[in-house]
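S.K.: Protein sequences, first through last, are from chains A and B. To convert, note that position 63 of the first sequence is 68 in the working numbering; the numbers rise steadily by one, no gaps. To convert, note that position 169 of the second sequence is 174 in the working numbering; the numbers rise steadily by one, no gaps.
No lab work stands behind these hints, which were simulated from the structure alone. Incorrect hints may appear among the rest.
Where chains are identical, the list cannot tell them apart; a pair therefore holds if satisfied intra-copy or between any two copies.
[Unchecked claim] Simulated pairs of lysine to any residue, SDA-like, Cα-Cα distance not exceeding 20 Å: (1) 124 - 104; (2) 12 - 120; (3) 147 - 25; (4) 12 - 169; (5) 34 - 113; (6) 34 - 166; (7) 12 - 45; (8) 8 - 39; (9) 147 - 11; (10) 8 - 200; (11) 12 - 47; (12) 147 - 107; (13) 12 - 37; (14) 8 - 160; (15) 211 - 190; (16) 185 - 109; (17) 34 - 125; (18) 8 - 190; (19) 124 - 96; (20) 211 - 148; (21) 12 - 196; (22) 211 - 166; (23) 12 - 66.
Number of protein chains: 2
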Amino acid sequence: MKKISDKVIGRLSLYRRILRETLILGTRKLFSYQLANSAGISAAQVRQDLMILGYMGSPTQGYDVHGLLECIEEFLDDPAGQSVALVGIGNLGRAILDYFSGRRPNLSIDAAFDINPEKTNGVIHSCRCYHLDQLLQVIEEKGILTAIITVPADQAQGVADRLVRAGIRGILNFAPVRVKVPPDVFVQDIDIAMVLEKVAYFSRPK
Amino acid sequence: MKKISDKVIGRLSLYRRILRETLILGTRKLFSYQLANSAGISAAQVRQDLMILGYMGSPTQGYDVHGLLECIEEFLDDPAGQSVALVGIGNLGRAILDYFSGRRPNLSIDAAFDINPEKTNGVIHSCRCYHLDQLLQVIEEKGILTAIITVPADQAQGVADRLVRAGIRGILNFAPVRVKVPPDVFVQDIDIAMVLEKVAYFSRPK
């Protein structure tokens with residue numbers, strides 16, 4: 006299969022969110038321009054993305070919301086479910102553990118790590134916590150491929166190195182620093198401070 | 006002045022982060038290709054972005070790190086400092102209050118709001134907390150233009166409406182739903198679950 010880009014996957018994930026909201030509101034059919042409008046992109050882009058899935062709408066009735074949602078889920082999710090590890094049980098780490106606890110049937114944070122012994126050997130928001138020294142062993146045993154980094158900037162690279170050695174293939178990095186990983190490991194950064202700076206810039210009268 | 010795009014501001018903010026790291030490491034001069042390499046973009050893009058600031062490097066010595074950093078800060082920051090409001094004092098809200106407490110001299114969260122009376126009328130991570138009913142009054146009094154939404158999805162639109170009425174011009178929205186605002190209000194979404202889904206997708210063996 007042709008390699009799907011980062012941006013396409015991001016948009017499919019956004020369509021899924023919109024389709025779920027649409028279903029809750031009781032709407033069963035949706036035209037590409039309506040989905041495009043909700044997503045803030047062009048209808049041509051929506052049609053092009055959904056063509057990758059091989060999903061066709063009816064020109065007169067639009068897409069079947071339920072069918073399209075199933076099709077996107079099948080494409081994005083691992084039917085067996087995926088485990089995620091989190092490193093750094095500070096405020097942000099806890100917030101993320103709380104947020105994901107039981108929310109996504111196909112995606113769950115199954116192990117959290119920290120260097121502080123007071124934070125390990127317990128369960129936080131139904132996630133088992135371990136000392137960082139157990140990272141390699143736990144991640145290998147559980148076959149975890151995805152990790153979240155919520156440690157301070159100066160510890161992020163060391164943690165990323167350990168994660169890669171343990172077999173992690175994708176990292177969501179909240180530390181405000183770019184981590185170096187082999188080219189076949191996917192990294193997505195979320196630097197909350199940087200995003201807030203941007204919003205603050207656009208808030209000011211020009 | 007020509008309207009600067011969202012993407013340019015995002016990159017300038019990233020350059021600033023990299024330049025700060027560079028200074029800490031003791032490096033005083035940097036070529037555009039080095040900055041580009043750290044930022045994961047092309048050198049031509051870096052030069053084009055910095056030209057907007059009117060900042061020129063020397064072809065033989067590169068950019069002066071300290072000078073360029075000052076120039077970017079002058080461009081991005083309000084010299085008088087900017088206040089930010091946060092709505093939703095849950096786990097994520099608290100994590101963000103903690104993270105920003107005293108970290109950025111030019112950007113501080115000066116008011117937090119919640120509907121739960123147990124969470125208001127106190128101070129969390131040096132930020133004063135208020136009941137949501139005081140939002141309009143407090144934001145107007147403090148002249149706040151930027152806000153962060155960390156409430157659940159079903160409350161996000163109502164909160165966004167209140168914020169806009171109070172004069173907010175930029176919103177960082179963590180609720181997993183798109184909020185509708187007038188076209189002159191800037192909104193940036195961070196949907197952590199959606200980003201994690203993308204990382205999980207790219208972690209799987211294809």
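S.K.: Within, between, both or neither: how does the pair residue 34, residue 113 come out at a Cα-Cα threshold of 20 Å?
M.R.: neither (31 Å within a copy, 45 Å between copies)
S.K.: Within a copy, between copies, both or neither: where do residue 8 and residue 160 come within 20 Å Cα-Cα?
M.R.: neither (32 Å within a copy, 38 Å between copies)
S.K.: At most 20 Å between CA atoms: does that hold for residue 211 and residue 166 within a copy, between copies, both, or neither?
M.R.: Answer is neither: 43 Å inside a copy and 23 Å across each miss the 20 Å cutoff.
S.K.: Is the C-alpha distance from residue 12 to residue 196 at most 20 Å within one copy, between copies, in both cases, or in neither?
M.R.: Answer is both: 18 Å inside a copy and 15 Å across each meet the 20 Å cutoff.
S.K.: When no copy is named, should residue 12 and residue 169 be tagged within, between, both, or neither for a Cα gap of at most 20 Å?
M.R.: Neither. Shortest intra-copy (24 Å) and inter-copy (30 Å) distances fail the 20 Å Cα cut-off.
S.K.: Pop the pair residue 8 and residue 200 into one bin, within, between, both or neither, using alpha-carbon distances up to 20 Å.
M.R.: Result: close only across copies, 19 Å inter versus 29 Å intra.
S.K.: Go through the copies and call it for residue 8 and residue 190: within, between, both or neither, with a Cα cutoff of 20 Å.
M.R.: within (15 Å within a copy, 36 Å between copies)
S.K.: For residue 124 vs residue 104, is the C-alpha pair at or below 20 Å within one copy, between two copies, both, or neither?
M.R.: both (18 Å within a copy, 19 Å between copies)
S.K.: With identical chains treated as interchangeable, where does the CA-CA distance between residue 12 and residue 45 reach 20 Å or less: within a copy, between copies, both, or neither?
M.R.: For residue 12 and residue 45, the Cα distance is within 20 Å both inside one copy (14 Å) and across copies (16 Å).
S.K.: Since the copies are identical, ignore which copy is meant and state whether residue 147 and residue 11 lie within 20 Å (CA to CA) inside a copy, between copies, both or neither.
M.R.: neither (26 Å within a copy, 40 Å between copies)
S.K.: Go through the copies and call it for residue 12 and residue 120: within, between, both or neither, with a Cα cutoff of 20 Å.
M.R.: neither (35 Å within a copy, 36 Å between copies)
S.K.: Under a CA distance limit of 20 Å, which applies to residue 124 and residue 96: within one copy, between copies, both, or neither?
M.R.: Close inside one copy (12 Å) and across copies (17 Å); limit 20 Å.
Going through the hint list in order, the structure does not satisfy hints 2, 3, 4, 5, 6, 8, 9, 14, 16, 17, 22 and 23.
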